[in-house]
Amino acid sequence: MSTRQSRTHRTLLVDDHVILRTALRDLLDRQPDFEVVGEAGDGAEAVRLAKKLQPRLVLMDISLPKSDGVEATRETLNACPKARVIAFTAHESPVVLNHVRRAGAVGYVLKDTSPTNLLAALRRVARGGVHFDPKLLAKAGRTAILDPGHVTDLSTRESQVLRLLGQGYTAKEVAAELEVSTKSVETYKARLMVKLIINNRVELLRYAQVKYQTHRA
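Counting along the sequence shown from 1, when you hit position 131 you're at 131 in the numbering used here, and nothing is skipped either side.
If you're looking for bench data, these hints aren't it; they were derived computationally from the structure.
All values derive from a computational prediction rather than experimental measurement.
Yeah, the Cβ is synthetic: ideal placement off N, Cα and C, and Gly gets one too.
A couple of the hints might just be wrong.
Pairs of lysine-lysine, BS3-like flavour, derived with a Cα cap of 27 Å [as the list claims (entries may be wrong)]: (1) LYS172 - LYS111; (2) LYS51 - LYS66; (3) LYS82 - LYS111; (4) LYS66 - LYS111; (5) LYS82 - LYS51; (6) LYS135 - LYS172; (7) LYS82 - LYS66; (8) LYS51 - LYS195.
Listed next, with one range per pair, are the computed distances between beta-carbon atoms [stated by the list, open to error]: (9) LYS51 - SER155: 46 to 56 Å; (10) LEU178 - LEU27: 39 to 49 Å; (11) PRO65 - GLU177: 31 to 41 Å; (12) LYS135 - ALA176: 31 to 41 Å; (13) SER159 - GLU71: 20 to 30 Å.
All chains should be modelled from the sequences, with the hints used to inform the complete structure.
So, in structure tokens, the structure goes:
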């Protein structure tokens with residue numbers, strides 16, 4: 001098997017600036033675990049290529065011709081449900097972040113980030129995690145990013161998992177309490193991280209503990 005064929009993170013680049021796409025391709029081509037399978041210069045082309053190529057990762061600019069990045073994210077995920085979209089943008093906007101999150105993106109990286117940080121974010125998302133730019137989180141504060149009623153976005157089961165985590169239950173204990181598998185609990189935790197814009201499980205646990213300042217009976 002060739003080196004290129006053995007790469008695991010098949011990536012679609014979406015940006016209307018050719019010079020930036022070229023730089024991104026050069027960066028990813030030098031990594032042993034990435035393969036750039038396509039490039040798109042607008043939202044419509046991104047959707048078409050995502051449907052055709054079925055990439056694992058889509059690095060999506062937000063300001064695009066024909067279809068903005070938010071709508072392109074939504075349509076791309078409809079065309080390629082297994083893809084994981086990372087917004088790559090110059091917009092340091094909590095509002096824009098929330099829009100792309102609702103469209104299904106699991107990452108938000110600012111264009112002034114370093115190549116090292118971008119690669120780390122891509123790898124985290126490729127492994128099933130989420131990544132929202134720490135610079136934006138620090139600038140805006142979590143309460144500014146999330147809608148006042150954001151917790152109502154959670155499903156009943158997600159809310160139950162969050163509450164039990166906040167009350168000190170382990171994943172195994174949550175599974176037993178809700179009569180589901182531990183794997184299902186981990187899936188709910190991953191969904192919570194996306195919806196609550198939380199980058200890791202430690203932060204999710206802290207969030208749950210603050211929200212549910214109660215103790216097990």
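Handout entry: Outcome for the supplied range 20 to 30 Å, where the beta carbon pair is SER159 and GLU71
Key = 29 Å, holds
Exercise for the section: Kindly confirm whether 46 to 56 Å is satisfied by the beta carbon distance between LYS51 and SER155. Expected result: 28 Å, violated
Handout entry: Hint check for GLU177 and PRO65 - Cβ pair distance inside 31 to 41 Å
Key = Distance hint for PRO65, GLU177 is violated at roughly 50 Å.
Handout entry: Given hint LYS111 paired with LYS172 - CA-CA distance at most 27 Å
Key = 39 Å, violated
Problem - Pair hint outcome, LYS82 versus LYS111 [Cα-Cα no greater than 27 Å] - result: 25 Å, holds
Handout entry: Distance restraint between LYS51 and LYS195, which requires alpha-carbon spacing of 27 Å or less
Key = 25 Å, holds
Exercise for the section: Assess, step by step, whether the Cα of LYS51 is no farther than 27 Å from the Cα of LYS66, and give holds or violated. Expected result: Satisfied, since the Cα-Cα distance of roughly 17 Å is no more than 27 Å.
Exercise for the section: Quickly compare the C-alpha distance for LYS82 and LYS66 to 27 Å and report which way the hint goes. Expected result: 24 Å, holds
Practice task
Please test the hint of 39 to 49 Å on the beta carbon pair from LEU178 and LEU27.
Solution key: 43 Å, holds
Practice task
Indicate whether the distance between the beta carbons of LYS135 and ALA176 respects the range 31 to 41 Å.
Solution key: Taking Cβ atoms as reference, LYS135 and ALA176 lie about 40 Å apart, which means the hint holds.
Practice task
Verify the proposed pairing of LYS82 with LYS51, using a straight-line Cα cut of 27 Å.
Solution key: 11 Å, holds
Handout entry: 27 Å limit on alpha-carbon distance, applied to hinted pair LYS66 and LYS111
Key = This hinted pair holds, its Cα atoms lying about 21 Å apart.
Checked against the numbered hints above, the structure breaks hints 1, 6, 9 and 11 and satisfies the rest.
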